[in-house]
Amino acid sequence: MACKNTGIINAAELKKKHKKLTEFGFEVKEINRGYADRSLYIDLSNNEIKVKPIDGEMKNKFTGGRGYGMKYLWDAVNPDTRWDSPENEIIIAQGPIGGITQYPGAGKSYVVTISPLTDLPVDSNVGGYFGPLCKFCGFDALEIQGKAKKDVIVFIDGDSGMVTIEEAPGECVNSHILAETLTEMYADSEEDKRNVSVVSAGEGSEHTRIGILNFSYYDLRRKKCKLKQAGRGGIGTVLRDKKVKALVVKKSGVKGDSNNPADLDTIIKHGIKLHKEIYDNDDKQCRMRVHGTTQLVDAMNAHDLLPVNNFQYGEHPEAPRIGKESFEKMFDLGKPDGCWYGCTLACAHALQDFEIKTGPYKGQKVFTDGPEYETLAGVGSNCGIFDPEAVTEANFYCDTYGIDTISFGTLCAFVMECYDRGIINKEITGGLELNFGNWEAQMELMHQMARGEGFGVVAGQGVHRMKKLFAEKYGADKDFLNDIGMEMKGLEFSEYVSKESLAQQGGYGTANKGPQHDENWLIFMDMIRNQMPTFKDKAEALYYYPLFRTWFSIVGLCKLPWNDIMPADNHLTDEPAKVPEHVDNYVALYKAVTGRDFSREEMLRQSERVYNLQKVFCLKMGKGLREYDYPPYRAVGPVTVEEYKSRRERYDKQLKEHVGIDPEGMSVEDKIKALREYREDRYQTLLDAVYKRRGWTENAIPTVEKLEELGIAYPDVVEVVRKHL
Amino acid sequence: MKIVATKPELCTGCRACEEACSKVLFKDINPEKSAIRITEKKDGGYDINVCNQCGECIDICPVQAIYRNKNGTVMIDRDKCVQCYACVGFCPSMSMKYQKDIIGPFKCISCGACTRACTTGAIFMKEV
Numbered sequence: 000m001a002c003k004n005t006g007i008i009n010a011a012e013l014k015k016k017h018k019k020l021t022e023f024g025f026e027v028k029e030i031n032r033g034y035a036d037r038s039l040y041i042d043l044s045n046n047e048i049k050v051k052p053i054d055g056e057m058k059n060k061f062t063g064g065r066g067y068g069m070k071y072l073w074d075a076v077n078p079d080t081r082w083d084s085p086e087n088e089i090i091i092a093q094g095p096i097g098g099i100t101q102y103p104g105a106g107k108s109y110v111v112t113i114s115p116l117t118d119l120p121v122d123s124n125v126g127g128y129f130g131p132l133c134k135f136c137g138f139d140a141l142e143i144q145g146k147a148k149k150d151v152i153v154f155i156d157g158d159s160g161m162v163t164i165e166e167a168p169g170e171c172v173n174s175h176i177l178a179e180t181l182t183e184m185y186a187d188s189e190e191d192k193r194n195v196s197v198v199s200a201g202e203g204s205e206h207t208r209i210g211i212l213n214f215s216y217y218d219l220r221r222k223k224c225k226l227k228q229a230g231r232g233g234i235g236t237v238l239r240d241k242k243v244k245a246l247v248v249k250k251s252g253v254k255g256d257s258n259n260p261a262d263l264d265t266i267i268k269h270g271i272k273l274h275k276e277i278y279d280n281d282d283k284q285c286r287m288r289v290h291g292t293t294q295l296v297d298a299m300n301a302h303d304l305l306p307v308n309n310f311q312y313g314e315h316p317e318a319p320r321i322g323k324e325s326f327e328k329m330f331d332l333g334k335p336d337g338c339w340y341g342c343t344l345a346c347a348h349a350l351q352d353f354e355i356k357t358g359p360y361k362g363q364k365v366f367t368d369g370p371e372y373e374t375l376a377g378v379g380s381n382c383g384i385f386d387p388e389a390v391t392e393a394n395f396y397c398d399t400y401g402i403d404t405i406s407f408g409t410l411c412a413f414v415m416e417c418y419d420r421g422i423i424n425k426e427i428t429g430g431l432e433l434n435f436g437n438w439e440a441q442m443e444l445m446h447q448m449a450r451g452e453g454f455g456v457v458a459g460q461g462v463h464r465m466k467k468l469f470a471e472k473y474g475a476d477k478d479f480l481n482d483i484g485m486e487m488k489g490l491e492f493s494e495y496v497s498k499e500s501l502a503q504q505g506g507y508g509t510a511n512k513g514p515q516h517d518e519n520w521l522i523f524m525d526m527i528r529n530q531m532p533t534f535k536d537k538a539e540a541l542y543y544y545p546l547f548r549t550w551f552s553i554v555g556l557c558k559l560p561w562n563d564i565m566p567a568d569n570h571l572t573d574e575p576a577k578v579p580e581h582v583d584n585y586v587a588l589y590k591a592v593t594g595r596d597f598s599r600e601e602m603l604r605q606s607e608r609v610y611n612l613q614k615v616f617c618l619k620m621g622k623g624l625r626e627y628d629y630p631p632y633r634a635v636g637p638v639t640v641e642e643y644k645s646r647r648e649r650y651d652k653q654l655k656e657h658v659g660i661d662p663e664g665m666s667v668e669d670k671i672k673a674l675r676e677y678r679e680d681r682y683q684t685l686l687d688a689v690y691k692r693r694g695w696t697e698n699a700i701p702t703v704e705k706l707e708e709l710g711i712a713y714p715d716v717v718e719v720v721r722k723h724l
Numbered sequence: 000m001k002i003v004a005t006k007p008e009l010c011t012g013c014r015a016c017e018e019a020c021s022k023v024l025f026k027d028i029n030p031e032k033s034a035i036r037i038t039e040k041k042d043g044g045y046d047i048n049v050c051n052q053c054g055e056c057i058d059i060c061p062v063q064a065i066y067r068n069k070n071g072t073v074m075i076d077r078d079k080c081v082q083c084y085a086c087v088g089f090c091p092s093m094s095m096k097y098q099k100d101i102i103g104p105f106k107c108i109s110c111g112a113c114t115r116a117c118t119t120g121a122i123f124m125k126e127v
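One line per chain: the protein sequences are A and B, in this order. Using numbering that gives the first Met the number 0, read the first sequence as starting at 0 and increasing by one per residue. Using numbering that gives the first Met the number 0, read the second sequence as starting at 0 and increasing by one per residue.
This is chain B alone, in the form it adopts within the complex (with noise of 0.2 Å):
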């Protein structure tokens, strides 16, 4: 399976990922409906939160609306969502997400969006 590896100590904090992700998954430039997001650190340098694909959230949601896909990739099925959030109080990653105007949590599809729009190599596609 695909993930978004990351090295964050190559991350200028343009954001030109969260930018990609937001337009790809919600058609909008806006970093808060973005999968991945980019915190500077308050000692320089930015940290790069993006879901790993562990799967945990697979066990935690009680209507079995979260599964992976024939690629390995976790994927959400809105129609069986019951909106509760638990998956999102309980990603170890705190990489599943929330925000007022979609309905339903979000992650990363592992997509490369964000990957292909990185000009630093910070984020990149990597076969786990």
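If we strip away everything but chain A, and leave its shape as in the complex, we get (with noise of 0.2 Å):
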């Protein structure tokens, strides 16, 4: 596939090669209250197409978004169901709330299916327009499944009312190319350009189990389309597996009533006083508009929370190189950065005339998204790189070549690790030199994961499979592969030192998809301001932030406009860190879609619905026992010497403080067993209150009382439990 040339994009001749396989004709209904009642399903395999209707019963109990995704892939999937199988579906579903243009961060998407890495449904959350657009044709949520014979473009065009499934054998599937190539050949005109979408993966997507789907939106004033990434869990790989080269979709004349929301006056007040307290409070709170996530790496890095060479530590001086100042001076501010109409909280930043210097774009001058903080902290300080240039052009191909770049960055760390303690050598890796630090190398590494060459396919297939790996061929110490490979249920972590702080230990390691902290970030709660000192307060926060968090992701909300900026009020009220302020608009934004009664109560009832039928789906897949739920410990402790040493003071005084061990006289190695003993303990305690908080057995079950007292207790819901109890 010719994928070098970025300036000339040959729409109009790419187009005449395209075949026709079908097209099926839909008439393009208008929301109702938040609600389209009907999804689109189309199965690659046999060109099918229809539309579903959803009934009361599924928009009761599953609300949307992630609900929606999860209830059509369950039924969807059998426990022998793999990423790869033809019954696999991908499920693009937005939510009532989704769609509205008043209330900042409204445009989100959330994406399920089951996972090449961990073979578990994984969920993950994505800006951009298609989701909205998708909506406003009168779709709740687009079920993908079966497999295309040759590589298709399913276009969805909402103006017409026709879905087409056309052959696209010409196109680049790189996504910084792909997204301008179809956003020229569908898009009318100019104006015409904000009115397609397009969800697309690339290169590295088709070789490795990490990648992503790229969202895109059309930037009016760059005149560029700019990405945002479903990026957890390899859903770009199932994408590209399905030979799907891109979705398409196309919707004009969105207005602020399209989403036809019951009280659309309530909807706007809230709007404009959310836009308000942005204008008035972000400069002197996290400023996203003008670093975006990138000001998280300055506020790890000071709390010894950023992840330095695969975990080992929490900060570094050189780390601010790649923080927040670097990165206002290099993006292209000024500009309205949000991923969806009215999110001026804007934190999807983007460089101008960036150049690349590696691989198949090096010497060009792109358009490129800004990184963000995960993206920052994994390619850049897990892996002891930290050159601002170096992370955004890793950041540049990762998206382009569709690779998740937190998965990238925790993997690339893990080999750095192996590496530089001899447990891979340069005849491994075919001459890579894979040092921490080494950015060229990494850069190395992900080029031949999009050219499906060499190490990269191997250090593509994910950590989880590397251990493996390493251990059985090339007689690695499995133990200790175990505790340095930062992954869990075939999941790589997320990018925060969770060593000080149990409950995020919890949280990383309860979270169904694998450890993500997107259902829990626990952190400065429970390490810095120890708001939670008992093991019932994480449990109940473990409880709580979960289903608070999953909230979003069944409504159809971005979390940041919830905690990244707050009312100047906030730090008065009883429970700062849940902003309740915010909460209540979004209790009032639901009530004011849907003309629903609605509470705080029934906002947790609803996600908590969702979240046991997601954690059942894990068991019915062959996990989701309480055995999953074991970090490896170098998230937990210090696993080796240098990092005991490196943080002596402060674990020698919880050996003496918590653990009543004088740890004068004693070596190292004693010091980190005793140490390991007793954090491992506290995490067993941890689970057993978070596991009972849940109404789950000790064993991480579900009780067939509890998915009554939920109403999800179908036959099919409570066999899968019944066998495990």
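Read the hints as simulated data drawn from the structure, not as lab findings. There's no promise every hint is true.
Using 30 Å as the maximum straight-line C-alpha spacing, the simulated DSSO-like pairs for lysine-lysine come out as follows [unchecked claim]: (1) A:K535 with A:K425; (2) A:K15 with B:K6; (3) A:K558 with B:K40; (4) A:K268 with B:K22; (5) A:K254 with B:K22; (6) B:K26 with A:K28; (7) A:K275 with B:K99; (8) B:K32 with A:K254; (9) A:K268 with A:K242; (10) B:K32 with B:K99; (11) B:K1 with A:K275; (12) B:K22 with A:K275; (13) A:K254 with B:K6; (14) A:K535 with A:K477; (15) A:K60 with A:K722; (16) B:K26 with A:K254; (17) B:K22 with A:K272; (18) A:K275 with B:K79.
A partial selection of chain A residues facing chain B, derived with a Cβ cut-off under 10 Å [claimed, not checked]: (19) Q101; (20) I271; (21) K334.
Negatives, chain A to chain B, calculated, CB over 10 Å [unchecked claim]: (22) A75; (23) T100; (24) S188; (25) K268; (26) K272; (27) L273; (28) H274; (29) K275; (30) G337; (31) V365; (32) Y473; (33) D482; (34) D536.
Even for Gly, the Cβ is constructed at its ideal location relative to N, Cα and C.
Using the hints, build the complex out of the two chains.
Written out as structure tokens, the structure reads:
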């Protein structure tokens, strides 16, 4: 595939090569109070397309977004289904609030599939225009099942009411080119480009298990497509396995009332209030409008939480080089950087004319999205790389190749530690000198993933599979690899050092999809502010926050405007960590969109149904029990002598004050052992408390009573649970 | 460009400007539909709030619906507007308005109707 040119996009010529396989007409249905009450189903194996009604039971029990995704996937797969089985689906769903233009962060889509990394249902959230535009075509969800024989593009045209599946042999799959090409191809004019959104992956998705979906949206001022990523769990790998080159939606005429809410006035008033809050406070708080999430590099580094050299350490003197001030200088600021209309938190910054130094686009000056915190920490500090241009290039290539920056960062850090410690060598890596800090080797590893060559393909299988390979084939110490390989359930950790926060260890450990922080981010509350001193407090937090955060994913909202901007008087409230005024905003928004009664309690209940279905789903797919909730020890405490010595004072103090052992005269190895016993024991106690609070058995199984209480004790759900009880 | 300039100390609070404005913009006599607003101050006297055509709203609009016309006045293209109201929250002088019966934000268009209705000279057109 000729993917080298970025300058010329010959959309008309490429379009001529398309072969229409099928077309399907549909009625463009208006939304009623946040819902279309229909989904669009496409089976690529036989080119079947149909519109499916969504009934009241589905709506009442699973709300939308991730809830709909989980239920559709549950119905579609069996315990033997794997990521590349034809019956596996990719479901992209919005939610009732998704698509409103007035309240910041209301354009999120939620994507669900069986993950190639974990064999479990994975959910990943993403901005960009695809979700809302798809919804305004009259679909609350899009289900893609089956596999095409040759590369296809699915085009959903909400202006003419037509879905087509087209063989598309010519286009380059790499997203920064493909999104531009298809936007050009399917838009009627320059002005029409904002009505088109493309979902695509890239060459890296084809040869690894860490593929992503890029969701595009057209930036009217810069005249370029920007990309947002559904990054976690390898969804792009599934997309390319289905031979989908891209999903394209087109829908013009989006207005502030397209979601047809019950009470638009209330939504507008809350939206204006938050816009004003951001205008007044963002400069004094997180400065998301200037720094985006890059500001977290500095914040995490200051608190010993920034992963450095495969999570060994939590800070590095060079970290500010990849922090907010560097990127403030590099970002093209001053333009609206929201990833959906009306998001004035505007964290999606971009760089103009960034010169690429390696790979197929070497020497080209590209427009690229700016790296987010997770990327900076993952491909940057965690790999010992502190060059802002290097991490920007890694971010550009990860996006365009369709590779998850988090999994890539964490697996590259693992490889680098193995290389530094001599567990693997140059012979095994095919000549790549993968020492910490070697960004050129890191980039070559990534290019190999895109080309499907060499050690890149090995690494692209993820940490879980590399551990097994290194132990079985190269004689590595399996226990040591299990201690330092930062994955759980098959998914790589996201980028926070959790050693000093038991609650965060539990947050990572009990997360349904694997160790990702979107369910829980409790480090500051737990470690810095000591707001949850007892196991009961931590268990309560590990009950509340996953459910509260799940709610964003079922209604179509972004988490960031919840607590990355806060009312000026938030610190005076009873529970500042919950940002009570914003929670009340959400209750008001839900009521105003749907016209239904609603409360904070019902918000948790809605999430709890979806969360427990997903938990049972994990059991159905063969994982989900307590044994899968144990993190690698690197996430819990110091594994090596160097790690212990680097924070000796802290650990010695803990041995003395918490464990009751006098460290004086003990060898470092003995101290590590004693600390480990203590920490692992506390983790077990935490799991007991968390499972109990969640209404699960001590083996992490939701009880039948719990499922009945939630109203999801369907026979096939109960059957799964009973097998384990 | 011409803007509506103010001398609040001359305002008597008669609100003739609000009536004139809402009449021109929306063919209605309703102070909530006026782009110029008079508020009584606690310690006596009046505040006059009206757009100074600074144009900060132009950069905040995600769909380029806000622009400066050939006279320099900041205008809203209602066809392009997606009613996100970012411009209302981000207006430095809080002069971009929302009213529930009107679709989309609205603002002063420097037509001068309010200044013609003012009998005290508290508002007047000024070339800047």
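Hint check:
The suggested pairing of K535 (chain A) with K425 (chain A) is violated, with an alpha-carbon distance near 49 Å, which exceeds 30 Å. Restraint check for K15 (chain A) and K6 (chain B): not satisfied, since their Cα atoms lie roughly 66 Å apart, outside the 30 Å limit. Proposed proximity of K558 (chain A) and K40 (chain B) is contradicted: the alpha carbons are some 40 Å apart, above 30 Å. In summary, the hint linking K268 (chain A) to K22 (chain B) is supported, as the alpha carbons are separated by about 24 Å, within the 30 Å threshold.
Distance check on the hinted pair: K254 (chain A) and K22 (chain B) sit about 26 Å apart at the alpha-carbon level, within 30 Å; holds. For a cut-off of 30 Å, the pair hint linking K26 (chain B) to K28 (chain A) is broken: about 34 Å separates their Cα positions. A C-alpha spacing of about 18 Å is found between K275 (chain A) and K99 (chain B), which places the hinted pair at or below 30 Å, so the restraint holds. For the proposed pair K32 (chain B) and K254 (chain A), the alpha carbon gap of about 21 Å is at most 30 Å, so the pair holds.
The hinted pair formed by K268 (chain A) and K242 (chain A) fails the criterion: a straight-line CA distance of about 45 Å is larger than 30 Å. A hinted pair counts as satisfied when its Cα atoms are at most 30 Å apart, and K32 (chain B) with K99 (chain B) qualifies at roughly 9 Å. Distance check on the hinted pair: K1 (chain B) and K275 (chain A) sit about 27 Å apart at the alpha-carbon level, within 30 Å; holds. A distance of roughly 28 Å separates the Cα atoms of K22 (chain B) and K275 (chain A); the hinted pair therefore holds under the 30 Å criterion.
At most 30 Å may separate the alpha-carbon atoms for a hinted pair to count; K254 (chain A) and K6 (chain B) exceed this at roughly 39 Å. With a C-alpha separation of about 35 Å, the suggested pairing of K535 (chain A) with K477 (chain A) is violated against the 30 Å cut-off. Distance check on the hinted pair: K60 (chain A) and K722 (chain A) sit about 24 Å apart at the alpha-carbon level, within 30 Å; holds. About 24 Å separates the Cα atoms of K26 (chain B) and K254 (chain A), which keeps this hinted pair within 30 Å; it holds.
Under the criterion of a C-alpha separation no larger than 30 Å, the hint pairing K22 (chain B) with K272 (chain A) is consistent with the structure, at around 28 Å. Taking the CA atoms of K275 (chain A) and K79 (chain B), the gap is near 22 Å; set against the 30 Å cutoff, the hint holds. The beta carbon of Q101 (chain A) is positioned within 10 Å of a beta carbon in chain B (closest approach about 6 Å), and the interface hint is therefore held. Taken as an interface hint, I271 (chain A) checks out: its beta carbon lies about 5 Å from the nearest beta carbon of chain B, inside 10 Å.
Interface restraint check for K334 (chain A): the shortest CB-CB distance to chain B comes to about 7 Å, inside 10 Å, so the restraint holds. A cut-off of 10 Å between C-beta atoms confirms that A75 (chain A) is not in contact with chain B; the least separation is 35 Å. Some Cβ of chain B comes within 10 Å of the Cβ of T100 (chain A); the nearest lies about 4 Å off, and the non-interface call is violated. For S188 (chain A), the non-interface assignment is confirmed: its Cβ lies about 14 Å from the closest Cβ of chain B, beyond the 10 Å cut-off.
In this structure K268 (chain A) is not separated from chain B by more than 10 Å, as the shortest Cβ-Cβ distance comes to only about 8 Å. With a least beta-carbon separation of about 8 Å from chain B, K272 (chain A) fails to lie farther than 10 Å from that chain, contradicting its non-interface assignment. The Cβ of L273 (chain A) does not lie farther than 10 Å from every Cβ of chain B; its closest approach is about 7 Å, which violates its non-interface assignment. Here H274 (chain A) does not stay apart from chain B, with its beta-carbon only about 2 Å from theirs, under the 10 Å limit.
Look at K275 (chain A): its CB is around 4 Å from the nearest CB on chain B, not clear of 10 Å, so calling it non-interface is violated. Against chain B, the non-interface label of G337 (chain A) is violated: not every CB pair exceeds 10 Å, the least being about 6 Å. Every C-beta of chain B lies more than 10 Å from that of V365 (chain A), the closest at about 23 Å, which supports listing it as non-interface. A cut-off of 10 Å between C-beta atoms confirms that Y473 (chain A) is not in contact with chain B; the least separation is 52 Å.
With a closest Cβ-Cβ approach of about 48 Å to chain B, D482 (chain A) is found to remain outside the 10 Å limit, as its non-interface label requires. No Cβ of chain B approaches the Cβ of D536 (chain A) within 10 Å, the least distance being about 37 Å, so the stated non-interface status holds.
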